[in-house]
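Novice: Each chain, written out:
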Amino acid sequence: MTEDTRDIENALRELRPRALSPALQASIARGMADASESKRNTVIPFLAWTAPLAAAAAVAWVVLSPSETASSPALPGLRLVRAEQAPTEIALLEPVKLDDGTFARPMRMRWSNAAQYRDVKAGAELIRYAPHDEIIGLVPIETY
Amino acid sequence: MSENPAQGDWQAWLAEHGPRLRLIARHWARSDADADDILQEAFIRYWRHQRHLPGDPNALIVTSIRRAAMDLGRQTDRRGRREQVVAHDIETVTFFELPDDGRHTILAEAVAKLPGDQRSVVVLHQWGELTFAQIAEQLDISVNTAASRWRYALVNLKKLLAETLHD
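Chains A and B, in that order, are what the protein sequence lines are. Using our numbering, read the first sequence as starting at 1 and increasing by one per residue. Using our numbering, read the second sequence as starting at 1 and increasing by one per residue.
For the record, the hints were derived by calculation from the structure and aren't laboratory data. Wrong hints could be hidden among the right ones.
[What the hints assert, rightly or not] Facing chain B, from chain A, some residues (calculated, C-beta under 10 Å):
1) LEU12
2) LEU15
3) ALA29
4) ILE90
5) ALA91
[Stated by the list, open to error] Pair ranges (Cβ atoms, derived):
6) A:PRO87 / B:ASP140: 44 to 50 Å
7) A:GLU94 / B:ALA162: 48 to 54 Å
8) A:ASP7 / B:GLU16: 53 to 59 Å
9) B:GLY116 / A:GLN25: 54 to 60 Å
10) A:ARG6 / B:ASP56: 44 to 50 Å
11) B:GLU109 / A:ILE135: 53 to 59 Å
12) A:ARG108 / B:ASP101: 24 to 30 Å
13) B:ASP101 / A:LEU92: 51 to 57 Å
14) A:SER27 / B:LEU165: 24 to 30 Å
15) B:ALA15 / A:ARG108: 26 to 32 Å
16) A:ASP4 / B:THR105: 42 to 48 Å
17) A:ALA19 / B:GLU109: 45 to 51 Å
[To be verified] Which stretches of chain B does chain A cover? Using the computed rule of at least three CB atoms under 8 Å from a CB of chain A, they are:
18) 20-26
19) 29-40
20) 103-116
21) 119-127
22) 147-157
Being a predicted model, the structure only gives us computed values, none of them experimental. Heads up, the beta-carbon is just placed ideally off N, CA and C, and yes, glycines get one too.
Hey, can you work out the whole structure from these sequences and the hints?
Specialist: Rendered as structure tokens:
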């Protein structure tokens with residue numbers, strides 16, 4: 001901006017956009033109400049197909065991924081007496097902006113494996129606990 | 001637009017920012033009715049799905065308005081170009097609350113006479129509150145081009161005002 005055009009820029013600032021008409025405000029209010037109703041109606045169908053998908057992905061991940069405790073390795077002198085895996089938790093995290101300018105929600109999966117071993121001779125027990133917390137993918141967010 | 005739109009209710013947010021956002025919608029629309037439809041579509045989409053996204057919320061909703069305008073434009077084209085209004089026919093005096101002093105009306109009319117590419121930059125920079133970098137992204141031009149269109153627009157406005165006052 002030069003000195004010559006500063007007055008024009010100041011004059012532009014004085015131009016106030018016209019207020020929204022009452023009809024438009026009412027129309028937007030109706031649209032917001034409809035969107036709320038629509039959202040309530042679509043939550044369950046959305047979960048209906050995403051929840052099994054996420055669960056299947058989690059199971060596949062646990063089964064296919066190499067894990068030390070999933071196979072409960074034999075330890076010399078110790079006998080495996082219990083092995084269990086806690087229910088897997090899957091969460092969609094806050095949106096992030098990717099390098100290409102698009103947005104996505106990271107999908108985090110948490111689970112833990114626990115194995116209990118016993119040394120019969122010494123009468124001692126060893127509990128091996130292995131928590132896992134991994135980002136297993138990105139769910140793209142469509143923006144317009 | 002400094003406050004986080006995730007806070008507060010949508011009515012208050014729309015009351016504050018709605019007028020300038022509708023002006024942007026009107027710039028990209030073929031009629032006032034289309035501008036209302038575009039703003040409604042873009043605002044609901046933004047408020048429901050995009051206001052929590054990271055980044056500048058102002059740039060996000062301007063993008064939402066542009067996409068809604070493009071969608072509506074395509075639909076209108078498919079309907080056979082009814083009621084088409086070419087860009088240079090836009091009456092920008094309907095964009096503003098004009099006091100009864102004549103000076104502001106002359107300026108609003110001068111904005112209407114700007115070449116379309118310069119008027120886009122003026123609308124997005126002055127009332128869209130976008131930076132030249134954000135305008136460049138919206139219009140798919142370079143930052144330098146956006147800045148130079150702004151400068152040319154100011155010079156042209158000054159010239160148009162001088163001509164009008166001289167007449």
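Novice: Between A:ARG6 and B:ASP56, is the Cβ distance one that fits in 44 to 50 Å?
Specialist: 26 Å, violated
Novice: With a cut-off of 8 Å between beta carbons, are at least three residues of the segment 119-127 of chain B near chain A?
Specialist: holds (count 3)
Novice: Tell me if the beta carbons of A:GLU94 and B:ALA162 are separated by a distance inside 48 to 54 Å.
Specialist: For B:ALA162 against A:GLU94, whose Cβ atoms are near 53 Å apart, the range 48 to 54 Å holds.
Novice: Verify the CB-CB distance for A:PRO87 and B:ASP140 against the hinted window 44 to 50 Å.
Specialist: 48 Å, holds
Novice: Take the segment 147-157 of chain B, compare each residue's beta carbon with every beta carbon of chain A, and decide whether three or more fall closer than 8 Å.
Specialist: Our answer is that it holds, as 4 residues pass the Cβ test (under 8 Å) against chain A, meeting three.
Novice: Take the shortest C-beta to C-beta distance between A:ILE90 and chain B; is it under 10 Å?
Specialist: 20 Å, violated
Novice: Given the hint of 24 to 30 Å, is the C-beta distance from A:ARG108 to B:ASP101 inside that range or not?
Specialist: 60 Å, violated
Novice: Does the Cβ-Cβ separation between B:ASP101 and A:LEU92 fall within 51 to 57 Å?
Specialist: 55 Å, holds
Novice: Is the interface hint for A:ALA29 satisfied, with its Cβ closer than 10 Å to some Cβ of chain B?
Specialist: 8 Å, holds
Novice: A closest beta-carbon separation below 10 Å is what the hint needs, so does A:LEU15 meet it against chain B?
Specialist: 5 Å, holds
Novice: Go ahead and decide if the range 54 to 60 Å is satisfied by the Cβ distance of B:GLY116 to A:GLN25.
Specialist: Violated: the Cβ-Cβ distance is about 29 Å, outside 54 to 60 Å.
Novice: Check the following: the C-beta atoms of B:ALA15 and A:ARG108 are separated by a distance inside 26 to 32 Å.
Specialist: The hinted range 26 to 32 Å is violated for B:ALA15 and A:ARG108, with Cβ atoms some 38 Å apart.
When held up to the earlier numbered hints, the structure conflicts with 4, 5, 8, 9, 10, 12, 14, 15, 16 and 17 and fits the remainder.
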